[in-house]
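Given the coordinates of chain S, assemble chains L, V and W onto it according to the supplied hints.
Line order of the protein sequences matches chains S, L, V and W.
At position 15 of the first sequence the residue is numbered 15 (the numbering used here), and the sequence of numbers has no breaks.
At position 57 of the second sequence the residue is numbered 1057 (the numbering used here), and the sequence of numbers has no breaks.
At position 13 of the third sequence the residue is numbered 2013 (the numbering used here), and the sequence of numbers has no breaks.
At position 100 of the fourth sequence the residue is numbered 3100 (the numbering used here), and the sequence of numbers has no breaks.
Any given hint could be a false lead.
As the list claims (entries may be wrong) - Some chain V residues close to chain W (C-beta under 10 Å, calculated; not the full set):
#1 V2016
#2 R2020
#3 V2036
#4 A2063
#5 Q2091
#6 E2110
#7 K2117
#8 E2119
#9 L2135
Said to hold, decoys possible - Going by beta-carbon spacing under 10 Å, a handful of chain V positions derived as facing chain L:
#10 E2051
#11 H2052
#12 R2071
#13 I2092
#14 F2122
#15 D2141
To be verified - Chain L is nowhere near these chain V residues, computed Cβ spacing over 12 Å in every case:
#16 N2017
#17 T2070
#18 H2081
Hints listed in this document are in silico derivations from the structure and should not be mistaken for laboratory results.
A quick note: this is a predicted structure, and the numbers were derived from the prediction, not measured.
From the three backbone atoms N, C-alpha and C, an ideal C-beta is built for every residue, glycine too.
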Amino acid sequence: MKIKIFYFARLKETLKFSTEDLELPDDAFAQALTILKLKAFLAKRSDVWQQMLLGKLKVRGAINHELVDDNAPIVDGDEVAFFPPVTGG
Amino acid sequence: MKIKIFYFARLKETLKFSTEDLELPDDAFAQALTILKLKAFLAKRSDVWQQMLLGKLKVRGAINHELVDDNAPIVDGDEVAFFPPVTGG
Amino acid sequence: MTVRVQTEDFDVGFEVNQLRNARRDTGAIVSFVGQVRDLNDGDTVTQLTLEHYPGMTEKALEAIAQQAKTRWDFFDALIIHRIGSLKPTDQIVLVAVSGAHRGEAFKACEFIMDFLKTEAPFWKKEVTQDGEHWLEAKQSDDDARERWVK
Amino acid sequence: MTVRVQTEDFDVGFEVNQLRNARRDTGAIVSFVGQVRDLNDGDTVTQLTLEHYPGMTEKALEAIAQQAKTRWDFFDALIIHRIGSLKPTDQIVLVAVSGAHRGEAFKACEFIMDFLKTEAPFWKKEVTQDGEHWLEAKQSDDDARERWVK
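Just chain S, with the same shape it has in the complex (with noise of 0.2 Å):
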């Protein structure tokens, strides 16, 4: 499957990443894969990984624009970002 991922804000900035194209093989960790999983997968890069996104950073994730929880499945094609809580207004 492949997923495009996008990072903002602090996550961005720490990261060195604003997008990648994710492909993974179509297995069985692919087919339920959620935002969960996916930041536990990403987690695994390094420290710095682990820190931003399984760390005192609460991290929100949004799949194809939309607002979604840690348990939200995600699909070939799909649009996933991650970032801080929002602090716009």
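Just chains L, V and W, lined up with the frame of chain S:
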């Protein structure tokens, strides 16, 4: 005692009075004058006055530019006003 | 706190900018503009005349703004109310409140409007196709005011 | 319903007049303007950068306006939010709501602001004398949002 009375909106238009200076003998009536007693006093002038001041129209009173209730006392030199419920804004 | 009762129209953008720029720590400006509707209770309105009680009006509006100030934390409030002869789509009233944060500014602005509607000595007379008549006070305005005192 | 996300400033007077004049039965326009404060948590702010999520931002703001529409009776809503680099006293956001009556317009405007603050993907980074840092989300904003869902 001498007081000044103002009438507004429907009262002014129907009574054909916008303002008047009223002089009352300094008797027991004047000494115990209230908004309600003044209304009753003025209502004796004619059916129209009776209708406007003690009829179906809710009439509010003010003394020296402050909204007051029917029992508010009126003293010499006061500026009294009668008007329907307000409709600004 | 500024209160103006005037026949002239007002410029919302100018007034809001004045409030906004008065302090560099202003974070929020809430404003209300009321305008003459062309329809009221199904009648087509062609003109509206606003009468008031000179002397009392300004005092009543200032008292309302002061009362708001004792209840909410805001920087400044501006009240402009027009009098005289107005047409549909004319502006009647502006209430603008500046503050550090939005919650208190929203409440103060709505409070001022609800009390202005029920305590400031203005009276509206409408001209419709059926002639002219004084507007009746609305129960909904009394109810709106009551919310703040319970 | 109109949503605009832009780097340019906006003109509150112009926008409020547009809304006001769009319908002759408009009786009330409630608007909120947010501006960059020169002080935040005691630090002097010299600059503010607003990042957002293009594509999602517009959708989120439209969804908020639509949600307000299902809850209150108003005519139209306008949301303008600036992005990019701003300075103290710059305008950040405008929410304006037009309607027949004030109560519903006040509620809709405040509702839109409370949800914009907690659901629209904007992030603020401040530059102060101590360097730059991302702003933290505020508990008070979450609380403000919660009032509408209980």
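Evaluated hints:
no.: 1; hint: V2016; result: holds (5 Å)
no.: 2; hint: R2020; result: holds (6 Å)
no.: 3; hint: V2036; result: holds (8 Å)
no.: 4; hint: A2063; result: violated (20 Å)
no.: 5; hint: Q2091; result: holds (7 Å)
no.: 6; hint: E2110; result: holds (5 Å)
no.: 7; hint: K2117; result: holds (8 Å)
no.: 8; hint: E2119; result: violated (16 Å)
no.: 9; hint: L2135; result: violated (13 Å)
no.: 10; hint: E2051; result: holds (6 Å)
no.: 11; hint: H2052; result: holds (7 Å)
no.: 12; hint: R2071; result: violated (19 Å)
no.: 13; hint: I2092; result: holds (7 Å)
no.: 14; hint: F2122; result: holds (3 Å)
no.: 15; hint: D2141; result: holds (8 Å)
no.: 16; hint: N2017; result: holds (23 Å)
no.: 17; hint: T2070; result: holds (17 Å)
no.: 18; hint: H2081; result: violated (6 Å)
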